[in-house]
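Read left to right, the sequence shown gives residues 4 to 601 (the working numbering).
Just so you know, these hints were derived from the structure itself, not from any lab. Among the hints, erroneous ones may be present.
To be verified - Ranges between beta-carbon positions, derived for each pair:
1. H14 <-> G81: 29 to 35 Å
2. D15 <-> Y473: 49 to 55 Å
3. M408 <-> Y473: 32 to 38 Å
4. P558 <-> P526: 23 to 29 Å
5. H11 <-> I330: 19 to 25 Å
6. A569 <-> G125: 50 to 56 Å
7. N122 <-> Y440: 51 to 57 Å
8. A519 <-> S442: 24 to 30 Å
9. N136 <-> H370: 27 to 33 Å
10. N515 <-> G237: 21 to 27 Å
11. T574 <-> S476: 33 to 39 Å
12. D439 <-> E576: 19 to 25 Å
13. K337 <-> N515: 25 to 31 Å
14. G237 <-> E369: 29 to 35 Å
As the list claims (entries may be wrong) - Lysine-lysine pairs mimicking DSS-like chemistry, simulated, CA-CA at most 30 Å apart:
15. K224 <-> K185
16. K286 <-> K365
17. K365 <-> K324
18. K156 <-> K224
19. K559 <-> K600
20. K228 <-> K158
21. K435 <-> K499
22. K224 <-> K83
23. K337 <-> K135
24. K403 <-> K429
25. K186 <-> K228
26. K224 <-> K139
27. K499 <-> K185
28. K228 <-> K83
Fair warning: this is a prediction, and the values are worked out from it, not measured in the lab. Even glycine gets a Cβ: it sits at the ideal position worked out from N, Cα and C.
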Amino acid sequence: MFDNFLIHTFHDGNCLQAYKIFGAHFETHEGKKGVRFTTYAPNARSAQVVGEFNQWGETPCYMERYNNGGIYTIFVEGVKEFDMYKFRFETPQGDIIDKADPYAYFSELRPGTASKVYNMEGYRWHDSKWIKNRTKNYDCPLNIYEASLGSWKMKRESEGEGDDGEYYSYEELIDEIIPYVKKMGYTHLEVMPLTEFPFDGSWGYQATGFYSATSRYGQPKQLMKFIDACHQEGIGVIMDFVPAHFVKDSHGLHMYDGGFVYDYNDYNRRYSPWDSVYFDLGKNEVRSFLLSSVEFFATYYHIDGFRFDAVSNLIYYEGNKNLGENIGAMEWMKRLNGHMSGYHPTVMMIAEDSTDYPGVTKPVGEHGLGFDYKWDMGWMNDTLSYFQAPVSERMEKYHKLTFSMQYFYDEKYLLPFSHDENVHGKATILQKMNGDYESKFPQGRALYLYMYAHPGKKLNFMGNELGQLYEWSEAGTLDWALAERPFHRFFHSLCKTYVENPTLHADYAPDNFRWAENHADAPCVFGMERRANGETLLALCNFADSEQKFTASLPKFTILLDSNAAEFGGTGETLAVSRKDSLCTVALPRYSAVLLKL
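Produce the entire structure from the sequences given, and follow the hints as far as they go.
The structure is reproduced here in structure tokens:
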């Protein structure tokens with residue numbers, strides 16, 4: 004009936020396909036068609052499946068124990084696709100509780116909490132060429148557009164309190180977001196968590212269904228079709244994944260069978276600062292649950308990469324170095340990355356990690372954690388701190404920008420301006436620019452040119468490219484009227500310039516970057532050289548509120564991008580260049596940046 008080897012690896016904490024054992028699977032048993040329901044509930048006194056097919060328990064469907072490992076199973080004849088169901092347990096205390104299936108492929112639309120029987124088989128993919136040529140993009144452009152599918156664009160604006168507009172479905176988004184992402188010059192779309200979650204305001208970061216793509220936007224095969232369409236247009240898809248914690252809601256994983264299956268037995272370890280519950284990744288069955296979830300999305304949805312949320316809370320208890328290393332979670336990350344590098348060698352594994360823990364992107368075989376990329380949170384914080392400061396203070400804070408290259412080659416870094424920098428009263432990226440309204444736009448253009456010239460792959464949250472001046476809300480949508488503004492044209496040209504210049508993609512070669520020495524006294528001017536394949540690009544950035552000069556020995560050059568161009572909302576003045584002896588002086592207008600090809 005079951006693959007006993009899979010069951011063995013499940014209990015051993017190394018199972019990547021636990022979803023083949025657990026959940027709801029169509030089956031023919033003794034010539035009868037139906038569904039086999041299986042769950043892991045080691046603390047339950049008894050278990051049954053309840054659903055539409057047995058009037059929610061009026062006709063009891065008691066599950067049988069399989070061996071003595073806490074696995075319950077039952078075959079139910081006549082169950083149909085989309086039938087709703089839950090598991091009902093008698094807890095060790097004698098209480099009766101109903102739970103959604105942790106391994107369900109599909110879920111009832113919120114506020115309903117039931118699981119739904121769903122057949123994952125049968126979708127015909129059209130992306131074999133994409134998958135065959137897919138890489139981890141170390142030497143390729145990686146320009147990520149992070150988006151909330153629900154609030155990127157809605158069918159209609161909110162018309163009053165309680166009317167938040169209607170979501171586009173996965174299929175409808177094919178004709179909406181994919182052409183936009185492609186036209187703008189992004190290489191990948193990163194979607195905020197799609198694992199089922201009950202509360203819109205959690206943005207998906209407090210999940211219940213780690214195998215169930217959220218029903219907010221449609222059915223699983225519609226999501227497959229969406230990802231397939233992305234691949235056919237040359238767009239990779241990265242999914243945000245939350246392995247550190249899960250929601251407390253009573254229908255979910257918390258005290259699943261009346262005991263602590265997924266959570267810590269120790270109360271002091273159990274709850275997170277986000278009012279959620281930490282996974283106890285010291286338990287082998289929990290390790291297999293999450294290992295298999297990642298592998299499931301890679302296999303069934305052809306996901307091209309995973310961004311792992313809150314890795315600091317997997318490295319240290321509560322993300323606090325003083326509380327010690329979370330050995331169980333560290334072991335899980337090593338197993339995950341080791342297994343995925345073997346079974347899915349071209350799928351990117353990306354750590355959102357704010358710690359200084361060494362070796363996050365070092366291979367597991369070299370005593371690292373095995374991720375492919377790490378978010379450079381230090382670069383993000385230092386850069387934004389610099390631009391939030393008045394110009395009078397920037398002269399003394401130049402190290403905020405130069406420090407990043409002192410540690411850059413320790414890991415494979417990705418530069419993020421994510422959703423976290425556009426919410427909770429922090430203001431949007433453009434709002435953070437110091438000074439009045441008129442000065443924010445030229446500073447924003449100069450900042451982004453600096454970002455794209457700096458080594459490291461790129462990520463921007465939706466709305467950054469529009470130059471929004473109000474924070475993102477999951478209940479609203481982007482201000483698409485801004486797409487007609489000059490700032491948006493600049494961002495489009497910036498992405499296009501980045502993608503078309505391979506010199507900007509060789510991020511991790513040590514000879515690809517150097518700071519360009521300025522012979523003029525201009526502490527708010529930064530020069531960055533990027534070199535690869537016999538080509539040299541030079542980015543010159545003036546972050547002062549007055550004209551500044553850059554003087555060096557420069558050959559003749561062409562301008563690839565000028566943030567001060569009139570079409571982008573700049574003054575449009577011609578870049579002033581003068582030569583004397585062996586030196587060339589470039590006069591940079593206030594708050595401007597240029598990318599030159601030498």
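Hint check results:
1. H14 <-> G81: 29 to 35 Å: 32 Å, holds
2. D15 <-> Y473: 49 to 55 Å: 50 Å, holds
3. M408 <-> Y473: 32 to 38 Å: For M408 and Y473 the Cβ distance comes to about 33 Å; the hint holds.
4. P558 <-> P526: 23 to 29 Å: 26 Å, holds
5. H11 <-> I330: 19 to 25 Å: 23 Å, holds
6. A569 <-> G125: 50 to 56 Å: 54 Å, holds
7. N122 <-> Y440: 51 to 57 Å: 55 Å, holds
8. A519 <-> S442: 24 to 30 Å: For A519 and S442 the Cβ distance comes to about 25 Å; the hint holds.
9. N136 <-> H370: 27 to 33 Å: The hinted range 27 to 33 Å holds for N136 and H370, with Cβ atoms some 32 Å apart.
10. N515 <-> G237: 21 to 27 Å: 25 Å, holds
11. T574 <-> S476: 33 to 39 Å: 34 Å, holds
12. D439 <-> E576: 19 to 25 Å: 21 Å, holds
13. K337 <-> N515: 25 to 31 Å: For N515 against K337, whose Cβ atoms are near 29 Å apart, the range 25 to 31 Å holds.
14. G237 <-> E369: 29 to 35 Å: Holds, since G237 and E369 (Cβ atoms, about 33 Å apart) stay within the stated range.
15. K224 <-> K185: Distance ~23 Å between K224 and K185 Cα, so the pair holds.
16. K286 <-> K365: Since the Cα atoms of K286 and K365 sit roughly 25 Å apart, the hinted pair holds (cutoff 30 Å).
17. K365 <-> K324: With a Cα-Cα distance of about 20 Å, the restraint between K365 and K324 holds, given a limit of 30 Å.
18. K156 <-> K224: 21 Å, holds
19. K559 <-> K600: 9 Å, holds
20. K228 <-> K158: OK: K228 and K158 at ~20 Å, within 30 Å.
21. K435 <-> K499: 25 Å, holds
22. K224 <-> K83: 17 Å, holds
23. K337 <-> K135: It holds: about 26 Å lies between the C-alpha atoms, which stays within 30 Å.
24. K403 <-> K429: Judged against 30 Å, a Cα distance of about 19 Å means the pair holds.
25. K186 <-> K228: Given that 30 Å is the threshold and the Cα spacing comes to 20 Å, the pair holds.
26. K224 <-> K139: Distance ~26 Å between K224 and K139 Cα, so the pair holds.
27. K499 <-> K185: 10 Å, holds
28. K228 <-> K83: With a Cα-Cα distance of about 23 Å, the restraint between K228 and K83 holds, given a limit of 30 Å.
In this structure, none of the earlier numbered hints is contradicted; all agree with it.
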